[in-house]
Amino acid sequence: MTEASLTFRDLTLGYYSHPAVHHLDGTVARGSLTAIVGPNGSGKSTLMKGIVGVLEPMSGEVLRRNGARVAYLPQQSEIDRSFPARVVDLVSLGLWPKRGLLGRFTAEDRASVSKALMAVGMEGFEARPIDTLSGGQLQRALFARVLVQDADLILLDEPFNAVDAKTVGDLIELIKRWHGESRTVMVVVHDLDLVRAHFPETLLLARHPVAWGETRETLLPENLLKARRFNEAWSDDAPWCDAPETGDHAHAHSHDHAHDGHDHSHHDHHHHDGPAEHLHTGSGKA
Amino acid sequence: MYDFLIAPFADFAFMRSALYGSLALALSSCPVGVFLMLRRMSLTGDAMAHAILPGAATGFLLFGLNIVPMTIGGLIAGVVVALGAGAVSRFTIQKEDASMAAFYLISLALGVLMVSIRGSSVDLMHVLFGTVLALNDAALTLIGVIAAITLVTLAIFWRALVAECLDPLFLRSVSRFGTPVHFIFLALVVLNLVGGFQALGTLLSVGLMMLPAAAARFWTVRLEPMIALAVVIGAVSCVAGLLLSYHFSLPSGPAIILSAGAVYLASIVAGTRGILSSRVRHHRHRTA
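Residue numbers (this note's numbering), protein chains in the order written: chain A, 1 to 286; chain B, 1001 to 1288.
These are calculated hints, taken from the structure and not from any lab test. Here a beta-carbon is modelled for each residue, glycine too, at the ideal position from N, C-alpha and C. Just to be clear, a hint being listed does not mean it is correct.
Unchecked claim - Which stretches of chain A does chain B cover? Using the computed rule of at least three CB atoms under 8 Å from a CB of chain B, they are:
hint : region
1    : 72-79
2    : 93-106
As the list claims (entries may be wrong) - From the derived model, a few chain B residues whose C-beta atoms are all more than 12 Å from chain A:
hint : residue
3    : G1064
4    : N1066
5    : S1116
6    : I1117
7    : T1131
8    : A1155
9    : A1163
10   : L1265
11   : A1270
12   : G1274
13   : R1279
Using the sequences and the hints given, assemble the complete structure.
This is the structure:
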């Protein structure tokens, strides 16, 4: 059993008392490379926000390994592209974890920024204003920023959107390089062929984890079918979820969770793990 | 030439005071204005300028036309409105523009009411539009202190402020500075408006903050030159406004703001990113 980079303990995340990620348990091994797949509204981005900490859990918790540095590339970044900044300014934001508010940027820091730009094929773009970049170029610049962050845990939310095929290939190479450097990487992806080809592990999410483990087993047709049947709509008259009394795991996941509402006054129940927990073997890469 | 440009300042102490006060104000409030503009909060500055009125009016009612109580009153009112509007927007579903508008309108009405309870409309005009030509030593000291605080704070929080403008979600993912830096910035806005109201009045002090910043936007795509340019435009407007006011017996506050307004209008047309250069057809273009 390898060291855990992330541990989810009965994690429920959501908005306005409606769960988007429902009772997630399990661990992400240090140095593992995991794809997160699932239909729209299945909680993939929400899970990422919960891990980064920009969204507080409704119940349960996310435990990050002590001192682990996190880099997060959101699906919809809040970048103000009209702000008068150059590419190099944007990428240099990645130095924040190292230099903080007041630390001076050294020659070494500037070299790491140029190296990162080179790694994403954007040398010569340093002085370009960010509002002149194309969508794919901006995405590559953001990858460069992740490189500069030098993080132990890297979270990428649909990083291949609006990116051409060649660039997808380049970015996959970068992700594999991170994997080779024993960084923990989690990527939200929609292209299942891409997942099968490049990602050793997969978490299939449909509010609750449908399957989690080795990619080949997770993406079996019966699991995909289960995920497809997931009803993404909320219901305001859904009953409150009070798992300790009713959550017997024999059929906790045999029916769809869309009708579960929420009232997580108690945090200490473990009855909702369901088959997902058992599928996940915690087998990371060494 | 000497008579027109230099003599007024050389011959009269009140003109020199006005010059020092307004230059210090330009040095500190123009950079703040650039960030306000880039954060799309230009009208927030305007709202805050109205919001400090009841505080200044309270000071005026209790102590007469005296800079210190009016300033302290203005600061308190500004901070209450900024924190109130900020808190409502962070903890309820209402957005900051609506909560800011609600708070400043309440504040403005309260201020006008208080000034009119005692005092003539001359007094009201004085509070609203200021008198840069009557800056005493206390007022100059106050402006100097505010300028120093502003520049030091901007230097310390520069990186966080830029990150919060450029990519707030990123800043939230790597540090907890996001919310504090927003409130620190709002405090700087209030501080500079309060510093400006003795010279320019509560309503016009926001002019020296926003107009040079808005003008500088038409000339550069880099932040640092934009701020430097805004300060220069602000300083030139102050000198020009004071001279116009002296030679043509115009009220000094509006003369300064109108000078900045003239630079702004000229920049719209002639700036390197202005109308002319973007409308002119580029017949020649490069291969890549």
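Consistency of the hints with the structure:
no. : hint   : verdict
1   : 72-79  : holds (count 5)
2   : 93-106 : holds (count 6)
3   : G1064  : 43 Å, holds
4   : N1066  : 39 Å, holds
5   : S1116  : 42 Å, holds
6   : I1117  : 45 Å, holds
7   : T1131  : 36 Å, holds
8   : A1155  : 9 Å, violated
9   : A1163  : 6 Å, violated
10  : L1265  : 21 Å, holds
11  : A1270  : 19 Å, holds
12  : G1274  : 15 Å, holds
13  : R1279  : 19 Å, holds
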